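Let's have the full structure, built from the sequences with the hints guiding it.
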Amino acid sequence: MFRFSKPLFVFALFFGSTVAIAFENYQGVGRPATPAEVRAWDIDVRPDFKGLPKGSGNVERGNELFEEKCASCHGTFGESNEVFTPLAGGTTRDDIKTGNVKGLSSGELPQRTTFTKVATISTVFDYIQRAMPWTAPKSLKPDEVYAILAYLLNLQEIVAGDFVLSDKNIAEVQKLLPNRNGMTTDHGMWPGAPARRGGIGNGGKPDTANKACMKNCKPEVLIGSTLPDYARTAHGELADQNRSFGPVRGTRTLGPEAAKKAADAGTLDLATKSGCMACHGMKSKIVGPGYSEVIARYKDQTDAESRLIAKVKAGGQGVWGSIPMPPNGHLKDEDIKTLVQWILSGSK
Amino acid sequence: MGDIVKQPGRLRSAPENFLSEEQVKAVGSGRRDFLRKSFLAAGAALAAPMAARAASAGDINILENPAWTTSLGLPVATNPYGMPSKYESQLLRRESPGLARVGGASVSFAPLQGLFGIITPSGLHFERHHQGWHDIDPSRHRLMVNGSDDSLLKKAKVYTLDELMRLPSVSRIHFIECGANTGLEWGNVAVPTVQYTHGMLSCSEFTGVPLKVLLEDCGVDYKKARYVLAEGADGSSMTRTIPMEMVESGEVFVAYGQNGEMLRPENGYPLRLVVPGVQGVSWVKWLRRIEVGDKPYATKDEAVHYIDLLPSGLHRQYSSIQEAKSVITTPSGGQTLLDKGFYNVSGLAWSGRGRIKQVDVSFDGGINWQTARLEGPIQNKALTRFNTNWVWDGSPAILQSRAMDETGFVQPTYGQLRKVRGTKSIYHNNAIQSWKVIESGEVSNVQVL
Chain A
24 MFRFSKPLFV FALFFGSTVA IAFENYQGVG RPATPAEVRA WDIDVRPDFK
74 GLPKGSGNVE RGNELFEEKC ASCHGTFGES NEVFTPLAGG TTRDDIKTGN
124 VKGLSSGELP QRTTFTKVAT ISTVFDYIQR AMPWTAPKSL KPDEVYAILA
174 YLLNLQEIVA GDFVLSDKNI AEVQKLLPNR NGMTTDHGMW PGAPARRGGI
224 GNGGKPDTAN KACMKNCKPE VLIGSTLPDY ARTAHGELAD QNRSFGPVRG
274 TRTLGPEAAK KAADAGTLDL ATKSGCMACH GMKSKIVGPG YSEVIARYKD
324 QTDAESRLIA KVKAGGQGVW GSIPMPPNGH LKDEDIKTLV QWILSGSK
Chain B
2 MGDIVKQPGR LRSAPENFLS EEQVKAVGSG RRDFLRKSFL AAGAALAAPM
52 AARAASAGDI NILENPAWTT SLGLPVATNP YGMPSKYESQ LLRRESPGLA
102 RVGGASVSFA PLQGLFGIIT PSGLHFERHH QGWHDIDPSR HRLMVNGSDD
152 SLLKKAKVYT LDELMRLPSV SRIHFIECGA NTGLEWGNVA VPTVQYTHGM
202 LSCSEFTGVP LKVLLEDCGV DYKKARYVLA EGADGSSMTR TIPMEMVESG
252 EVFVAYGQNG EMLRPENGYP LRLVVPGVQG VSWVKWLRRI EVGDKPYATK
302 DEAVHYIDLL PSGLHRQYSS IQEAKSVITT PSGGQTLLDK GFYNVSGLAW
352 SGRGRIKQVD VSFDGGINWQ TARLEGPIQN KALTRFNTNW VWDGSPAILQ
402 SRAMDETGFV QPTYGQLRKV RGTKSIYHNN AIQSWKVIES GEVSNVQVL
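Going line by line, the protein sequences match chains A and B. As numbered in the working numbering, residues 24 to 371 make up the first sequence, in order. As numbered in the working numbering, residues 2 to 450 make up the second sequence, in order.
Heads up, a few of these hints could be off.
[Stated by the list, open to error] In silico BS3-like cross-links for lysine-lysine, where the CA-CA straight-line distance does not exceed 30 Å: (1) B:425 <-> A:125; (2) B:437 <-> A:238; (3) B:425 <-> A:241; (4) B:224 <-> A:241; (5) B:437 <-> A:241.
Hints listed in this document are in silico derivations from the structure and should not be mistaken for laboratory results. On a predicted model such as this, the values are computed, not experimentally measured, just so you know.
Shown next, in the form of structure tokens:
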């Protein structure tokens with residue numbers, strides 16, 4: 024009964040609240056879940072593969088699905104850092120042997136990808152199945168999840184190009200994950216018994232031990248870092264982020280002219296980060312039309328703004344040639360509006 | 002004291018307010034030629050009344066009754082849902098530019114620099130969504146409780162809001178802090194204000210049903226079921242593993258209420274999990290399912306994200322409890338002190354391991370410390386407001402606060418924290434925050450080792 028730690032126990036006694044509400048019979052509250060209801064919602068997959076649906080998928084099918092449903096955010100090879108952090112890359116054949124990604128400790132890794140971190144293949148299956156694609160979560164069939172995961176494993180050079188991933192062989196793939204030995208729970212930030220006594224933490228022991236020294240605690244103050252100049256203005260006008268009365272004022276970081284300039288630069292930045300500038304030039308065509316070409320075509324149309332907003336959102340094909348523009352459901356409505364207004368105003 | 006003479010100088014007019022509405026419109030339409038003249042006029046305007054007031058019998062705001070003292074005010078229920086004063090437009094939750102590429106998987110930070118006490122107004126509560134937010138129809142929301150295995154729970158059950166709100170409820174004040182709060186600052190100073198350094202932090206009174214009531218209603222076997230999976234109803238159907246120890250203690254609850262009203266949609270309306278002392282990602286919003294299990298789940302947000310990289314190359318997994326931490330909110334980075342003299346230095350302290358026992362404040366970068374006043378009630382796993390007196394003599398200073406919780410744990414310095422965790426952990430940065438004050442009164446973010 025008294026599994027909890029001493030502070031919690033004292034707390035419970037002190038308030039008595041958890042004891043007072045104990046009651047045997049909550050009659051009429053809740054009903055049994057039907058087996059079909061549990062099946063519909065209980066989709067989680069655990070590291071021991073409890074909950075894994077039956078099915079299979081190969082690398083080639085995964086490649087097609089990835090191209091169609093995933094690449095616009097993640098890049099064809101899962102390498103893109105434009106929208107989310109990269110999925111693939113950063114591991115070596117040696118990592119596959121050892122189960123520890125060496126780049127994590129050597130500092131050679133420019134950025135951690137999903138496969139440099141994840142130690143459990145079930146995690147990736149579970150997440151794709153429950154939350155992907157970004158704008159249509161839970162739309163993938165189990166076979167499609169297996170195929171996409173097979174493609175990712177192939178990108179990571181964990182499996183060959185003709186590999187078929189299935190519920191039968193996923194446990195074998197687990198043994199090849201590059202960072203499968205890369206996790207530790209030897210820390211004090213999980214409650215209960217330490218790992219040696221059946222828990223998963225160290226029993227609650229912190230890893231730092233500062234002292235509440237009060238006088239002459241050190242000979243000198245060592246400054247490790249100060250706010251860089253660019254960071255002082257990167258968050259806009261700080262004067263406008265504080266009350267206009269009281270003991271202090273927000274520090275004025277931008278003048279009105281600087282604020283306007285920052286807004287324009289911000290929009291180009293937004294266009295770049297949103298992936299627009301990969302296909303569109305300011306003046307001329309790259310894959311899609313240049314922005315000045317867009318203005319030329321739409322300048323006399325009164326509904327240009329709303330039409331373009333709809334096109335950016337839903338994507339389109341045929342107006343400028345056969346290469347389609349992908350839908351951009353991941354962008355915020357207000358950002359799309361800002362971008363379209365910026366394009367139509369000459370994208371300065 | 003002759004302080005009336007000093008008053009106008011102390012109440013610095015905000016420079017942005019000297020333009021009339023017509024002039025602002027004119028600027029919008031491209032006419033800026035008068036701006037220079039206005040600046041000159043504003044300078045004169047500041048100087049002239051000061052002299053006039055000094056020579057007159059007193060403050061014009063006292064000598065001449067303003068309109069609100071000499072006219073009829075607005076009737077009741079003019080605003081059926083009351084809003085802040087029109088003069089309070091500056092304190093908003095804001096994103097940090099460049100932190101996330103899509104708003105649906107981003108963060109907005111609470112404006113700690115202007116908040117008082119310990120309760121975060123619900124409309125300013127920080128946001129973190131993993132796949133956007135929805136305003137869920139409560140009549141169609143369901144909570145399912147099931148077991149990873151039939152032997153762990155006698156019967157899987159489904160509850161509606163109607164039913165959950167009939168059950169015995171608790172109301173408790175707790176802080177919620179994102180595990181990545183202050184994560185931008187692991188390596189070096191990166192952001193200017195306390196909103197961006199510490200604003201993934203909020204504190205509310207939550208109301209709901211202890212999870213143990215529901216689990217026991219379903220006949221849980223605590224001996225076997227040592228872990229709980231919490232799952233959201235949004236597109237991401239966010240999942241996290243919750244320790245059964247915390248559920249058994251009675252502290253974890255399924256909340257529908259927040260600060261006297263229902264949860265806000267951005268905070269999980271109509272149902273979220275409250276896991277006191279644990280990082281925000283475990284407080285699953287739009288909670289739709291609870292599964293009890295005999296093993297942890299290694300979900301995406303505990304196997305790819307919310308894992309802490311150590312210098313050894315290993316990641317700490319299932320790091321959940323937020324250790325003791327504090328920050329001075331007034332004065333803080335990006336603010337400027339108005340004048341020399343007295344200030345009430347104010348801040349927040351909290352610990353995921355219980356109550357705050359003591360907060361010390363330093364004005365010399367951590368060489369000497371003085372104990373601050375704690376404002377009560379001091380509650381378990383809730384924000385605690387501290388205040389201390391300071392007379393600024395106009396010379397440079399470095400302000401710090403250092404929290405100690407009831408376990409005796411003392412908030413670490415950056416030097417101590419980096420020694421064990423390096424600079425790439427992202428999560429669980431609870432280092433002592435430093436604010437540097439220079440002669441001009443400008444306060445900025447610095448890191449003292």
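Practice task
May I ask which of the numbered hints given earlier this structure violates, with the numbers listed in increasing order?
Solution key: Hint 4 alone not satisfied by this model.
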